[in-house]
Structure formats: structure tokens, C-alpha cells
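As a plain string of letters, each chain reads:
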Amino acid sequence: MSTTASSTPPFLNRELSWLAFNARVLEEAANKANRLLERAKFASIVASNLDEFFMVRVAELKHAQAEGERRPGPCGMTPAEQLTAVSERAHELMHELYASVTGDILPALRAHGIDFKTIDRVTEHQRAALETFFHDDLLPVLTPLAIDEERPFPMLASLTVNLAFWLAPAAGQSEKRLAVVQVPPRLSRLIRLNGREGYEFVLLEDVVRLCAEALFPGQVILESSAFRLARDSEVDPDDDGRSFVEALEAELRRRRRSSVVRLEVEDSVSDGLLALLMRHVHVESDDVYRVPSPVDLRCLMSLVDLAGFPALLDPHRLSTTVLTSDEMDDIFTVLDQRDVLLHHPYESFDPVVRFVELAAADPDVLAIKQTLYRTSGDSPIVKALTSAADSGKQVTVIVELRARFDEARNILWARRLEEMGAHVIYGVRDYKVHAKACLVVRRTSQGVRRYLHLGTGNYNDRTARVYSDMGLLTSSPKFGSEVSAFFSALTGYSDPPRFSTLASAPHTLRSRLRKLIDREVRRAREGQDAEIRAKMNSLTDVEMCLALYEASRAGVRVRLNVRGICVLRPGVPGLSENITVTSIVGRYLEHARIFVFNNGGEPEVYLSSADWMTRNLDHRVELMFPVEDATCAAKVAAALDVLLRDTVKARHLDANGVWRLGSPAHDTPVDAQAFLDELAIRSAPSADDTRFQPLTGPGAGG
Amino acid sequence: MDALFGPVAVIDIGASALRLVIANIAPGRPPEILEQASRGILIGRDTFSSGRIGPATMDAAVRAILGFRRIMDGYAAIMSRAVATSAVREAANADIFIDRVRTRTGINVEIIDGAEESRLTYLAIRERLAGHPSAGADHALLLEVGGGSLVVSRLERLQPRQSGVYPLGAIRLRQSLASWHGRHEQRVALLSRHIANVVADIGREVQVAGATEVVALGSDIRFVASQLDAGDEIAILERERFLEFSAQIIAQDEETLVERYRLPQVSAETLVPALLIYRALLLQTGATHLVVPDVSLRAGILVAMAGGSAEPALSDFHAQVIASAQALGEKYRYDVAHAEAVSRLATQLFEALTGEHALGRHDRLLLQVTALLHDIGAFVSVRAHHKHTQYVLESSEIFGLSRDDMKLVANIARYHRRGLPQATHLSYTGLSREDRVRVQKLGAILRLANALDAEHLQKILQVRLTAGEDVWALELEGTGDLTMERLVATSRADMLTQVFGRRVVVHGAGVDG
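Respectively, the protein sequence lines represent chains R and V. Residue numbers for the first sequence follow my numbering, so the first one is 1 and each next one is one higher. Residue numbers for the second sequence follow my numbering, so the first one is 1001 and each next one is one higher.
No lab work stands behind these hints: they were computed from the structure. Note that the structure is a prediction, hence the values are computed from the model and not measured. Even glycine gets a Cβ: it sits at the ideal position worked out from N, Cα and C. Check the hints yourself; a few may be wrong.
[What the hints assert, rightly or not] Residues from chain V shown here face chain R by an in silico Cβ test under 10 Å; the list is partial:
{"no.": "1", "residue": "1017"}
{"no.": "2", "residue": "1033"}
{"no.": "3", "residue": "1038"}
{"no.": "4", "residue": "1068"}
{"no.": "5", "residue": "1069"}
{"no.": "6", "residue": "1354"}
[Claimed, not checked] Here are the in silico distance ranges between beta carbons for each label pair:
{"no.": "7", "chain 1": "V", "residue 1": "1079", "chain 2": "R", "residue 2": "518", "range": "27 to 33 Å"}
{"no.": "8", "chain 1": "R", "residue 1": "518", "chain 2": "V", "residue 2": "1402", "range": "44 to 50 Å"}
{"no.": "9", "chain 1": "R", "residue 1": "515", "chain 2": "V", "residue 2": "1079", "range": "37 to 43 Å"}
{"no.": "10", "chain 1": "V", "residue 1": "1244", "chain 2": "R", "residue 2": "577", "range": "31 to 37 Å"}
[As the list claims (entries may be wrong)] One side only, chain V facing chain R, incomplete, derived with CB under 7 Å:
{"no.": "11", "residue": "1028"}
{"no.": "12", "residue": "1034"}
{"no.": "13", "residue": "1037"}
{"no.": "14", "residue": "1039"}
{"no.": "15", "residue": "1067"}
{"no.": "16", "residue": "1070"}
{"no.": "17", "residue": "1071"}
{"no.": "18", "residue": "1226"}
{"no.": "19", "residue": "1230"}
{"no.": "20", "residue": "1232"}
{"no.": "21", "residue": "1259"}
{"no.": "22", "residue": "1262"}
{"no.": "23", "residue": "1264"}
{"no.": "24", "residue": "1265"}
Can you make the complete structure from the sequences, with help from the hints?
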């Protein structure tokens, strides 16, 4: 099928593109070349991604539909059409996911001694133990809820597992009765059975079912079925004078009560019980997903922590550090001399943690300012900031509480920081602070100097082991003044500044990117070699896509590496034939945002916290910064180049929105993540303090 | 190890915004800017419409300064200077405002006048434009549109020759139409007409036509420079491009500007009036572009605070003040030769009396300026011309001299002849005690110096003063018969005797030429 500029809408549908991304993750779960527990992990990620997708994106489409929106989006589809297409594709995905999990991963795990048992397969001895567990530990926390005319269907929390029981009619009545039991979300979902060797599990809901008579004494249970609801989770904190934290806490409560966007139920459910459930939670058949047990595959993630299966996981690699141990103790002196670029997880996140720790302990440090978003609760960075505040330094922390689904965790450590004397800003009104920046103000013999870290990923030492991100440590005075001004604007001490080196959303990032793209366009029209290479998580902003289309038409080579959603249609004659889009889903979560503009042979390299999504460019606080140090810039560009040349994990997007693995490599296959892993090991400074030497591409290092 | 240089902070409270700059300063090095911050608060909107800073605005300003204080604390700034310009200066409740800022934030705000403002700004310009092609122009125009006022100076190879401060600030203009509700185009037309009138007046005082370079300052023009990507430290805006772009801006109302350029509301409010002013003045010149250096009052204060390089700057600055005084003299057709002679003689006397008067370099400058201009009242009428000189000077601008300086200069000039200061002289009694003494001392010297050129013939070349126990011997060296000079000098030494308590004996040492 050929696609041309005139015959189709110029944009792919973002929801289907998102589902396509999740399908790529699912391919990794199904890929037998991956190790078994890694596959289980991928399957769990697919499940968890889908949960979020329904709660946010599907919910939004339903809103649009409910509000009578009939105009088609940029992809040419109305909300109703999108909902239909999404439901169809999501059903296929769920089917494939369960086919892979129940038909392949779970049997394979059993062969390795990790056995998910159904109740009919447990031994008498085990059954007795489960009954004891039920009566001692489970029964006290279970609350069966009967549902009838007087007692409405309970507000079951989103994503929790519940059991529906259909009971025989009461004496003298003709109608079967419905009761619901919430499976306690605080207890482990997988109950380990005592056995000789290996691991045997049963599902918590199966234990409840096993002893259900105790919940409904004297009644006849006709049927039981596990089910799970996904609810609309849109956070919309209203401004009624409460503090933001209070508003958020209230919002967390409200979220449990919002409308249902998906019903998952065990496929053994009878039509009658299903119809009843659908009526009670107000969903249409498109929103129902009948799946084999277990519902909610997120529990597979906990298998990764089981002891004794190193062979089923990717070998744990110690990430290398680009600084020698002497340098690690004296990072400020290093930064007085040069910039340091870090590529995680290939290179350790330790220098960043150390940077904050050194700043906290250094008596010459006057102030530390930092954005924190989705950081881990026991984060060493939070600890360092706390001790810095304790010792009288000015510590300013901009904590972003609106990171989806993480709020409860965030509020805890934010409160703690505040108690320790830090100046904590709970975000800014209307904008989520997504920029990653840490600024240290330090007195030196030459006056005050600023040392800073700017990055593409969160200050989370744990996710830094899995997320592929980049960060720059520098003492550049230009960066120092602009980042200082950036913080002063966020803390409300100054109006937003106009930057000349950095660009920030929502003020200048969009226009700066436009200018950079337009410059390539101009150069292409003047006959110069023009190229844009960019890597991001998602590309959904229509204006940015249009700019890239214009670039393509002008003859600019555009090479994109987009992990997730991409609404740009590449390779359409007359529209985008000079654009290629690839996506890498691998062991590490691709997360860095890298933009390289050829600029007539003097490439400009930028890193950013922002994707090219309308959300990031207009509704978030983001930063983009140039990597000016030549060595660092070369390192970034080289890494991007490797990612763009991947022939093993990279899928190529075609004009119809289909992602395919590339044709078999003509020469040596390039697995970018594996290559970068090796590169980092080779480049790490040895005891004799070898400096980092960037290789310009795969194979270049010999 | 080098000395530990602490960072300094400068706060500038203007008509449309409060601004902060923090910088490392060290002797012999240009200041290194660490951070700049600003809060758009329209103090000028209150002052220029009601004459007072309203309570909400005052609160907002105090809060802004508290925020600045937090920023400063993060640098442990060792020294700070906070200045306020026209919007606070002209407010009836300026003292209350300053007191509240001091109580709430611990920061002492100092009100500076237009002349001091332009002097400080000029320090920064000179540093930034040194070596730039525009620095060599014989006729350049320096324009600064602030919220409350417009400063126009004519520069000759970067030396100010004429200078004026006009009540044509962007906020002031906007406020003048505040209660007027009409279409945007009508508003622009009204503003343009008003600006055209003021520009015509400016042309009579500062030579605008014929300028080959226009140096423009102000946050509004910086915005245009950033929009046109015209460069950072010294932006160059081509004339046609500027006219075209500013026309586009002017055609948009405030809401559109906020929306399209993501401007803070306050910036959007000043942009159109400010651009109208720049346009009106640019169109009077032949300049092919606007030079927009990234300098400000704050940068000037930093240069002044840097200290180490202040010495050469000071003599340079004095030369500019003198040049500006000469330009004023020309305007009133002064007798150049007499003025120069009196200035020279007064300076000699001032130097000779250094141990006696205990006055400083700035006072010497005031004396020189007064000596140059003491007779300009004769332009009005020769009768009682010292009184005419006084009021003309009181309402004139001299580059680098503050309003207070001008009051001193006017009073000193008043006493160059006729009656000595009396309790009925209101302008004199309005001065502080310290300034009255200053007027007495400098007036006494000027009176004697003027007497030494009583005939306007510049016969005296040199005076020498020998101080004895209670007699000062004044020895005159010159050409021709000096009898007349000796007599007049003896009688006009009255004030000197009164002030310093010494009798003055004049000896002539005439040499025939």
C-alpha cells in the first residue's frame, strides 16, 4: 500500500501509537532470546503501562466523547472512532499478553521451579496451611459487601483485585444475590507455599475463594470471579485556598471514586454475572476485558527479587564511573577544569550523588537548589540535602507532587525535607516542574562560583540503574547565572527570565526548537548539508511535526529515535520522505532527550528534560541546554549515532504507522545498548587515571 | 592566595519593575554577573496617576524585595546598594515606602535622581561600548526609555555633550491614558501625537538631528533585540528591520502581546509606548541601526562599586560634566574666555586653600561648573543677573550632576556678586547646614576669582596665596596694569574673610606684555 501526502491525514493516532509502543515491549516479553525473568518483567511492564493508559488516555477520550466532541483530531479520527480502534487494539494486546504469559512464560518458569499453582494442584498439607493462613491473617481484614436495592455497589479502588460472588437466592426469594469482597491490597498477592524445593505460589484471591464459605456462612456460592476496575485518574487540583499538599491528599481520595474506564474479569465468568457487574460499574462491552487468571499481571514483577535465579536475569553489571576515586572526592576541582558528561546507566550515577553530598558537607558551599521529581524515598540525595539544610546552608528544593501515581510517596519525603529546614516549594501553579537541575553556590578564592548538574532524567539513584539518561556536570558561569535565575523564577523571587544559552518551557523552548529547525531548513535551501538527529520518548506535538515535515521537504535529513508515541508519519513522498523514525525497546529504558542540529558542519548538541509533546512544551517547566564542551558534545553525538544505527533492537516506523524490525544487517549487527555497555567499560578510567575517550561509532574503537 | 572577593548585590526599584543583580566584583576586573532577577511591579502606575504608591503595590514591592533578599542570602552578598528612581522619587509617600522596606527587609533604599541615574548608566555604557565602532561617532544619541522618564544625551566619541531627562517614560505615558477607553489604534495615535510634541521640545535642547549612531537602552528595546536575535552583549538592530518589527508590535494590543510573546502583563503594558518613543527619535536621525548594549543602571552601579577602576573613570567623568556645563553655557551665550578664566582662577584658589576648606573633589567640580556658568543669567537680563543665573541653573540639567548638586551650583552662583547669604534667601535656607557652609566656602572663592577677571580681559594668569597667622597674602601674576583687579579683589574678598576669618591682602605683580 502506498501512502502519499494527499491521501491520508499527515498524523498518526497517538493512542494507537502508544499501544504500538506497548506492543514493542510485549515483543520483548515474548522474545525467547531474552532471559526468562526479564521476559516476566517486560510482561509486568506491559500490564502496568496498560493500566496507566486506560486511567489517563482512555479516560480522556471518554471525556471528550461525553462532552460531545465530534471533530476529528489531527489523525483524522473522532474520539468515538478512536475509542473503538483503541478498544479493538487493546483487546488484541491483552490477548497476546496473556498468550505469552500463561502459554509460555509461566510454564517455562514452572520448569525452573517457580510454580504458580491453582488450588486444585495444592497438596492436602498445603491446603491445611492455607486455611490456617486464611482464618488467622486474612479473614479479619476481609469485608464481604452484599449488593442489593438498599446497598449500592461499593466504590472499589482503582486497580485493586476484587472477587464477585454470586449467591443462591435467599429462602423464599427468586433472585440470585451479588456480593463483593476486596482482596486486601496491602497483603502480598502471591502466597508462597511450603514445599521441598523451588517456589510454589498461589494467588491471594484463590485463598479467599478456597475458604469463601466462612464469609457467607450457610449460603450457597454459585459462582465467583476475580475482577479489577480501572478508573479515570485525571488529577485536577482545584484552587480553593487549601495548601497544595492538602488539595493533593483530597484528590487522592477523590480518585478512588471516579468513573470506571475498564473492567477486567476472569474469562471463566458467566454471562449473567458479567452482565450484572457491567451494569453496576457502568461500562460498555468494549470496556470489558475477559482474561485468564491471574488478573493483574503486575505481580510478576516481584519474581525478579526471588533468590536463586541469576541465570534467568540479565547479569548484574556494575556501572563504571567516569571519575577516578580521587576525582570523586574533589568533584568541584574537576569541574573547575572541565565539564563531565555522564551517560547512565552505562556510567554510574554515583558522581551525581557524590556531587550533592560533597556540596552538603563543604563549608564553603552557601546554597544548594534542586528540582526533585519521582525520587526514591530513602534517596541519598534527599539525605544530603537534609544534612545541608541542617548545617545552615540555604537549601531550596522544588518538589513535584504531580508525578502520576506517585503522589502518596512524594508527600512523605517532601514533608520530611521541610521539617529539616529546607525551603520546599511544592511545584508551581498550572505547571508541572519536569526540569532536572541541581545548582551549588560555592565561595572560592575567585569569588562565588556555581557548580551544576543538568540532566535528562530524575534524581533517582535507583531508576538511574535502568533508565538510559544523560547528565552534565559543569561550572560554566553562563549556565550558572541562567540556572540561578531559573530557580529564582520557580521560587517566585523573580519573573521568568529570558535565557540566551538555555531554553525553558513553557517560555522559550518551543520557539528555540523552531528556530533551530528553521535554521537547518534555511541551510538546506541554500544547498548546504542539513541534518537533524533527535532522540526523545515521544513525539506528539503537531507544530513540531509540521516543522519537521517542512525540514524534510526542504531536504533536511531528519533521523529520529522515538521510544514511545510518534504521531509523525515518516517516509511519505512529498511530505516526509527524508525522515526516518526508529525505536529501541531494550534492557534499559531509553529516556534521554538528545537533539543534534548539523548547523552547516558545526553541530550543536542539546540535552533536555522535555519530549516534543504539547504537554512538555506548553504545560510543564522544562529545560534544554547545549553541550558546549567539545569532548562532552562528541560523546553525546557518538552515543546518539550508535542508537540510530541499532540493527538488533531498533524497530522502524513506516508511513502506515507500522513498526518493524529492520532488515537483517548487511554487516555486523549493532545492539546499541550492549555496545554502549561495552564502551563504558572500555572508557572507564583505570587506576592510572585514563581519561574518557569517545569512540565515534561502533567498531571505531577496534 | 587571592583575597576573598565577596559578591555584591544591587537592587534597582524602577517604575515598571524591581530588579536585582548579583555579581562578583574585584579590583581591576569587570564585574562578573552571577544572577539577575526582576519582578514586574508597576510602581509608576500608582505614582504617575495618583502621586502616591498604593498599598497593594507597596506590599507587592516589599514582597519582591524580600524575595531578592532570599536570593542575596544564597550568595552571602557582602555589600549591597538599593536605589529607587522616578516612580519612588515622585511619590508623596516615598519616605513611608523606604521606611517599610527597611523595617521588613533590612535593606536601605536610596533615592537617586535622573542625573545620577544617567551618570551611573553612562559608566556601564562606556565600559561596554569601549572599542565598539559606535564609540567613535562624533554625533551619537543615547536614548533610555524607562518607566518614568526618557533620558536623551548627545555623545561625541562617547563623551556626553548635552543631556536631558524628560517625563516621557513608558508607564507614565500609559498612565496618561489610563482612564481613556478607546480602540487600540486610537490609543496609539494619541500617544504618537504626544510623543511627537515632546520630541520636538527635545530637539531644541539636545541636538537630535544629524546623529549617525543611536544607542538605545531599556528593557523594552532589549526585548526587541532578543526577538530579532540581534546579539547578546551589544545587539545591532538594523533600522528597517526595527521599524518593521516595532510596527508589528505596536499594532497589537496588550492581550495579544502577552499571548503571542509570552510576556508578563507588565512588560506588555510598557512595550508599545516605549517603542513609539524609540521610533520617533530614531526617525529624527540618519542612523542606519540601533545599538543596544546590554547595560543598565544596575550595571553602572556595579562599575561604580568595583572601585579599583574608579579613579580614571572619575577624571573622565569630570571632563564630561564640564563638557555638559559648557554646552549649557553656549546655550545662554556665555563669555567663554571669562568663564574659563574664572574657572581656572577659582580652581587655583581652591587648591591653594585645600588645608583650610576641607572640601573634596566633587566640591571642586561644583566650583568649576559654577565658575563656568555664573553669568548665564545675563541672558535674561544684565540687571541682577546673579539672581537670573540662580533660577536658570535650578531648572537646568547638567550631565552627571544631581538635583541637589544643581541646587548647590545655583546658590554658589547667586553669591558671586552683590549680597551675601541671608536668612530671607529661601533657596539658601532650604539647604542643609552642611550644604550652606559648602555654599559659603565655594561662593567666597568664586566671588574672589570673578573679581580677578572683573574686566573680562583675562589679564591675570596665576594667583598665589600665602597663608599667614591671620592674614592671607594673595599675589597676582599677569599682564598689563593689574590695579583694577587688585582693587576689586580686595573688596570682593569680603566673603572669604567672613567665612575663613582671615584678612586678605592683594599684591599685584603685573608684567607688561
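If you check each hint against the structure, which ones fail? Checked against the structure, the hints that fail are numbers 6, 7, 11, 19, 21 and 24, while the rest are satisfied.
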